[in-house]
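Undergrad: As a plain string of letters, each chain reads:
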Amino acid sequence: MKLVGEFLAIYGVYMFGSAVLICRYTRVDRIPTVIVAWLMPALVLEALIEGTFLLLFKKYPRVRPCPVGLAEAEVVVEQRRQKMFGGESLPTTFASEWARLYGVTLEKEAKKVQKVARWVLATA
Amino acid sequence: MIEWLAGLLQRNLVVCLAFVVIPMKWLIVRVCRDKEAEAVAILSAPEDLCYVVLGLVMGDVINGSGAFHREFGKSPYISMEIFLTVSLGLAIALGIHVLAQFADKHWKGWRAAERSLATDMKPKPGEVAIPNAEDNFRTLQYRHMFLFLLGYGLQLVLIFPWIHWIANVIGRNGRVSFTS
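If you're matching them up, the sequences are chains A and B in order. Sequential numbering from 1 applies to the first sequence in my numbering. Sequential numbering from 1 applies to the second sequence in my numbering.
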């Protein structure tokens with residue numbers, strides 16, 4: 001019982017901190033964002049379990065193509081961050097990593113298709 | 001009355017610390033109307049908890065009849081046990097600081113993406129417009145926000161077992177009793 005109380009106190013710190021930060025510094029969709037933030041621990045657990053199953057059964061998640069303009073937007077956000085908070089310019093890697101992962105997924109799928117095509121040609 | 005209150009605090013150390021570190025600190029900063037300091041107060045809460053607990057350990061260890069001396073009293077390696085406890089506290093502080101750096105980086109990214117959504121949507125003269133600017137800024141904003149929350153939550157996950165154990169040791173071997 002004591003352990004549950006302590007756990008709730010620490011989770012309360014998380015809930016209070018995330019709610020205050022989101023409500024004070026976000027302009028739109030505050031309430032849904034706060035609710036999703038409070039559910040984050042459960043989402044992370046679910047993602048860990050799902051990731052373990054995917055790794056065990058070697059089923060890799062399908063990567064969507066990187067949205068057009070994400071790399072440019074990332075650069076603009078980084079410049080904005082530097083203006084607001086100062087410090088060194090950090091390398092922007094999110095969009096390029098996404099595009100690279102998508103390329104890897106495409107390569108894998110192309111190899112699968114090639115295998116099937118070879119088998120079809122061999123049996124035809 | 002004071003002893004009863006002290007005993008209550010000792011037995012519910014984690015809850016009391018959590019209450020003191022976040023809502024009280026936030027309230028004081030809020031009263032001073034310092035918006036940026038509010039964020040700093042909340043962002044530094046897990047590190048504050050860590051150092052408050054480390055301070056409790058250090059303060060107790062220097063006392064020869066303190067809770068940790070009593071806890072490890074039966075062990076033949078009492079000095080080593082205390083040294084390991086303090087070292088573990090320092091290692092956890094280090095881990096929390098690394099996670100705090102991660103969280104801080106994404107906190108700043110989140111704020112910058114939020115500001116970009118308000119100010120950088122239209123291209124400046126001589127610049128090319130960013131395709132799907134709103135969607136892309138929002139994607140970046142949510143990415144930074146959730147990575148920040150992950151870093152913040154992980155700090156609390158890391159500190160929870162540590163303060164739970166310290167609170168238990170102090171609660172078991174504390175000097176305040178309800179009977180006196």
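These aren't lab readings, by the way, just hints derived from the structure by calculation. Computed from a predicted structure; not experimentally measured. Any given hint could turn out to be false.
Rough simulated footprint, nothing fancy, chain B against chain A, three-plus residues with beta-carbon under 8 Å [claimed, not checked]: (1) 7 to 16; (2) 45 to 59; (3) 66 to 73.
Cut-off 30 Å, straight-line C-alpha distance, at most; resulting in silico cross-link-like pairs (DSSO-like, lysine-lysine) [unchecked claim]: (4) B:K108 with A:K83; (5) B:K25 with A:K112; (6) A:K83 with B:K25; (7) A:K83 with B:K74.
The C-beta atom is built at its ideal place from N, Cα and C for all residues, glycine as well.
Undergrad: Are the hints correct? Go through all of them and say.
TA: So, going through the hints one by one against the coordinates:
no. : hint              : verdict
1   : 7 to 16           : holds (count 8)
2   : 45 to 59          : violated (count 0)
3   : 66 to 73          : holds (count 6)
4   : B:K108 with A:K83 : holds (11 Å)
5   : B:K25 with A:K112 : violated (58 Å)
6   : A:K83 with B:K25  : holds (28 Å)
7   : A:K83 with B:K74  : violated (58 Å)
This entry does not satisfy hints 2, 5, 7, going by the numbered hints stated previously.
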